[in-house]
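Use these hints to put chains C and F onto chain Z, whose structure you have.
Line order of the protein sequences matches chains Z, C and F.
Counting in the working numbering, the final residue of the first sequence is number 308, and the numbers go up one at a time with none missing.
Counting in the working numbering, the final residue of the second sequence is number 684, and the numbers go up one at a time with none missing.
Counting in the working numbering, the final residue of the third sequence is number 952, and the numbers go up one at a time with none missing.
Read the hints as simulated data drawn from the structure, not as lab findings.
You can trust all of the hints, since none of them are fake.
In the EDC-like style, the derived pairs of lysine to aspartate or glutamate whose C-alpha atoms are separated by at most 20 Å in a straight line are:
1. 737(F) to 369(C)
2. 633(C) to 616(C)
3. 672(C) to 68(Z)
Short derived list, chain Z residues pointing at chain F, Cβ under 10 Å:
4. 40
5. 47
6. 122
7. 197
8. 199
9. 248
10. 278
Far from chain C, by Cβ distances over 10 Å, these chain F residues were calculated:
11. 697
12. 702
13. 705
14. 733
15. 775
16. 786
17. 787
18. 791
19. 821
20. 844
Everything numeric in this text was worked out from a predicted model, so none of it was measured.
Each residue gets a CB set at the ideal place from its N, CA and C atoms; glycine is no exception.
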Amino acid sequence: MTETSNSSTKAQRSPGRGGLSGLLHRHENLRGFLLMTPTLLVMGVGIIAPFFILVTMSLWTRQGFDFDTTLTMANYARTWNEPIYGALLSRSFWISGIATVATVILCYPMAYFVAFHVHRNKMMWIILMTLPFWTSYLLRVFAWKVILGYEGVINSGLMAVGLIEAPLEFLLYSQEAVIITLAHAWAAFAILPLYVSLEKIDKSLLEAATDLGDGPVARFMRITLPLSLPGVIAACFLIFIPTTGDYITPALLGGPDGAMIGNFIQLQFGPVNNWPMGATLSMVLMMWISLIALVFLFITRLAREKIA
Amino acid sequence: MDIVDQLGAVREGKMSRRAFARSLLASGVAIATLPAGARRAMAAPEDQGTYFTWGGYDIPELFGPYMANNNGEMPNFAVFGGSEEALTKMRGGFVVDVSHPCNQAMPRWVATGLFQPIDPSRLGNWPDVIPALVDLEGNDAEGGSIWMAPFDWGQTSITYRTDLVDLEGKEESWDILWDPKYSGKLGSLGSGADAWWVGAIKAGVDFKDIDTPEAFEKIAAVMREQRPLMRTYTDDNTTLEQALSSGEMVASMTWASSAVQLQAEGVPVKFAKPKEGALTWVCGLMIHKDAPKVDKAYEIIDSLLSVETGHFMINDYGYGHSNIKAFDAFDAAKLDSLGLSKTPSEVLSAGHFQVPQTQEWETKMNETFEQIKAGF
Amino acid sequence: MSDLSYIKRPNRPLQIYAILFLVVLYLPVLFIPLFSFNDSVYVKFPLTGLTTKWYVELWSREPVWNALWNSVKVGAAVAVISTILGVIAARAITRYRLPGKNVLVTFIMMPLVIPGIIFGVALLILMSRLGVPLSLFTVTLGHLIVCLPFAVATLLPRFEGFDKSMEEASADLGENGWWTFWRVTMPMVFPGIVASLLLSFTISFDEFIMAFFLTGTDPTLPMYIWGQLRFPQEFPSILALSALILFVSFFVVFVAQYFGRRGLESDQ
Chain Z
1 MTETSNSSTK
11 AQRSPGRGGL
21 SGLLHRHENL
31 RGFLLMTPTL
41 LVMGVGIIAP
51 FFILVTMSLW
61 TRQGFDFDTT
71 LTMANYARTW
81 NEPIYGALLS
91 RSFWISGIAT
101 VATVILCYPM
111 AYFVAFHVHR
121 NKMMWIILMT
131 LPFWTSYLLR
141 VFAWKVILGY
151 EGVINSGLMA
161 VGLIEAPLEF
171 LLYSQEAVII
181 TLAHAWAAFA
191 ILPLYVSLEK
201 IDKSLLEAAT
211 DLGDGPVARF
221 MRITLPLSLP
231 GVIAACFLIF
241 IPTTGDYITP
251 ALLGGPDGAM
261 IGNFIQLQFG
271 PVNNWPMGAT
281 LSMVLMMWIS
291 LIALVFLFIT
301 RLAREKIA
Chain C
309 MDIVDQLGAV
319 REGKMSRRAF
329 ARSLLASGVA
339 IATLPAGARR
349 AMAAPEDQGT
359 YFTWGGYDIP
369 ELFGPYMANN
379 NGEMPNFAVF
389 GGSEEALTKM
399 RGGFVVDVSH
409 PCNQAMPRWV
419 ATGLFQPIDP
429 SRLGNWPDVI
439 PALVDLEGND
449 AEGGSIWMAP
459 FDWGQTSITY
469 RTDLVDLEGK
479 EESWDILWDP
489 KYSGKLGSLG
499 SGADAWWVGA
509 IKAGVDFKDI
519 DTPEAFEKIA
529 AVMREQRPLM
539 RTYTDDNTTL
549 EQALSSGEMV
559 ASMTWASSAV
569 QLQAEGVPVK
579 FAKPKEGALT
589 WVCGLMIHKD
599 APKVDKAYEI
609 IDSLLSVETG
619 HFMINDYGYG
629 HSNIKAFDAF
639 DAAKLDSLGL
649 SKTPSEVLSA
659 GHFQVPQTQE
669 WETKMNETFE
679 QIKAGF
Chain F
685 MSDLSYIKRP
695 NRPLQIYAIL
705 FLVVLYLPVL
715 FIPLFSFNDS
725 VYVKFPLTGL
735 TTKWYVELWS
745 REPVWNALWN
755 SVKVGAAVAV
765 ISTILGVIAA
775 RAITRYRLPG
785 KNVLVTFIMM
795 PLVIPGIIFG
805 VALLILMSRL
815 GVPLSLFTVT
825 LGHLIVCLPF
835 AVATLLPRFE
845 GFDKSMEEAS
855 ADLGENGWWT
865 FWRVTMPMVF
875 PGIVASLLLS
885 FTISFDEFIM
895 AFFLTGTDPT
905 LPMYIWGQLR
915 FPQEFPSILA
925 LSALILFVSF
935 FVVFVAQYFG
945 RRGLESDQ
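Looking at chain Z on its own, in the form it has when it is part of the complex:
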């Protein structure tokens, strides 16, 4: 550890800091924690306290404007017994899952292209790919309404060509509309982690593989894909998890059959006015997300072992 000893000798030379630096030098992990303090402090205020409130509230029940603070599992029992909650949960996971897979598959070649085939102005490409996301999410959802809508781009286009007589109505206010919009809206969240992991790949490894006689496909399967897997996993998580809790897109584009669990959680805090139930639904959603994430991680680990 040349660097460590070097810097600590320097630090010890400066007056007044010798004792602390010495301590920090001896306990390297203490220095690590010290470095982490600001981040941990912010996360503590933002996570632990709200999480505590959430868990507590999920065990309360509503009573008029107030809460009955007796701890009970009644809300959890309801989410288990009433079919609507299970149906909404599985629908949410289905919609988000499809949107996630579609986004990652569609964005991978793009990230690959920028990482390996763009040699000048890489940053320009990255900015170009994230630029649309500087516009309001609400407006992009609205733009999709214009495209998928009754007199929208697709319908008027198809009618002009003469392929259809009357506008296709299933394009809007359907689960498909939600999936398409989510995939488009979250593309940036796939491209960035994919690009970062692909860019990191040591090009000499690819060279070595070629020297060993690997073709493009074998090279991709043996080196590029396994090494970019962390990016793929990150992209999946970054898209799947927030989208399961989304409520704006289904609210604006989903129609009556496109409602997701996020809509119902939001309703509990709004018109339905049952905060404890909302907290419970959120807890249930979190548990399911964790479970799915664990299974997903397990599968990717198996896959990675197989590829490697």
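Okay, now just chains C and F, sitting in the frame of chain Z:
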């Protein structure tokens, strides 16, 4: 790779970092010069009152008198999309000066203890306020004070395309929104605060009995019947008006303003006068109990109650106003076409006027209605 | 570096795909400026006529500009703070052998497995209990919680792939700790930092749910737009504003590239 190669790479990296610093500077300049208008707006003094209201009520046209008293400054605004949303936020600790509920929600708002009574003697326009609009259930605080100063009123009815809906010589009726002929081409406001009450009208339930279990069953059955016919439920007027203007929907439950807006755009629509009666409402202004600027709160309310604000509300939004003098500028025919009248009680009682309910009922109703909307 | 002929060689299908990808990515967004010139308050085809009146109207709408400026302020603050906190965390996690490192990482990533709406409500209650008035600061805190995991997730792979021997080499050459960090570490993790800044700003600028619960009297742009959805006659102005944002973004990128290029040339 040896160390020299690596340091070479670092040097390259350093170059791009320097370049980055420059580009950051450049974009910083660009961003700083971007909202030239924002700078001006940022000068808004801290000492204006805050008005928590629906979108569209945050425009200068409604605050002429206020701005005249405050060097041309408007109040500060916070905007909500629905009144339950607003109540949720205030119950969570959000403090404003003035907010904007409707008569049906007012007693529940009062019951939260989050509001203070309004002293009418502090409002210059009060003598011109139509008494029938003040005299609402639950609107009497102690000592001649009131909880809510009425501001706007109107109807919830059906806006339909005259070219696409064939009444076949029959009277206009809520049945349009239950007609299987128009399946997939009907729309509705998404909040139970409107839709459930319309369901009651359709089911023939008297609003006095709307809290009975039988009424609940009946209305739920009617709403379930309607659900498969619906293109969408939404709280946003833009969606409904767009769909009506394109013919995607032929009829929808809307407020009067949607019909006025569509007609102004030349879309052939009519705001129906259903034979069963429309749904009628009064919205008004309440002062938060911890309002930091009570004086400004009264100024905001007085400005909203003024004649010039009333002109704008009637002419541009098609809503009724609470100042009787605001109606003088309009002839009877114009008012009638908007479904308004100088004597609001005529319009309000000709329709079905919403009746305040308990929080329990409200919660149960919303929960049921949301489940029905989701298909359960 | 030796020649990597197969990488340098252009890949036609991939190029075509990239162009198609950008078209699909931009097409929906480009309808916004298109309709901002439409002479009708309703967004539909065919266009009824061309007008610039919405832009004129926008100029006089102070609340819109306020909202935009609020979003820029919050977004910039969130991007910078979350990236700094993210760099610190990523460095601590990768540089030191921390006991319970995995627990820490999981902890930082927690907001990703919690719907934003829950944090919004929970933070709102927390703030009211603490007596903190709602303002852009509470929105910033909320956005920070949302953005930090993204920042760390973006930066961590960079730091993980970072070769420690380079820092050691620099230290051997007599550089001190901070100088080494600035001269050696920074350039290596630089793409990650840019990605983190962009990502954090993007998320914050767009974020609606946390802002919905935590906004005081100063709305962010998404909050303002949400409120305006109820009144269609306001909507074209919003489209005009979005078109302007788009235009300004393009302009900023162009300027950044121009300066970047000049910097590179002068260095060479």
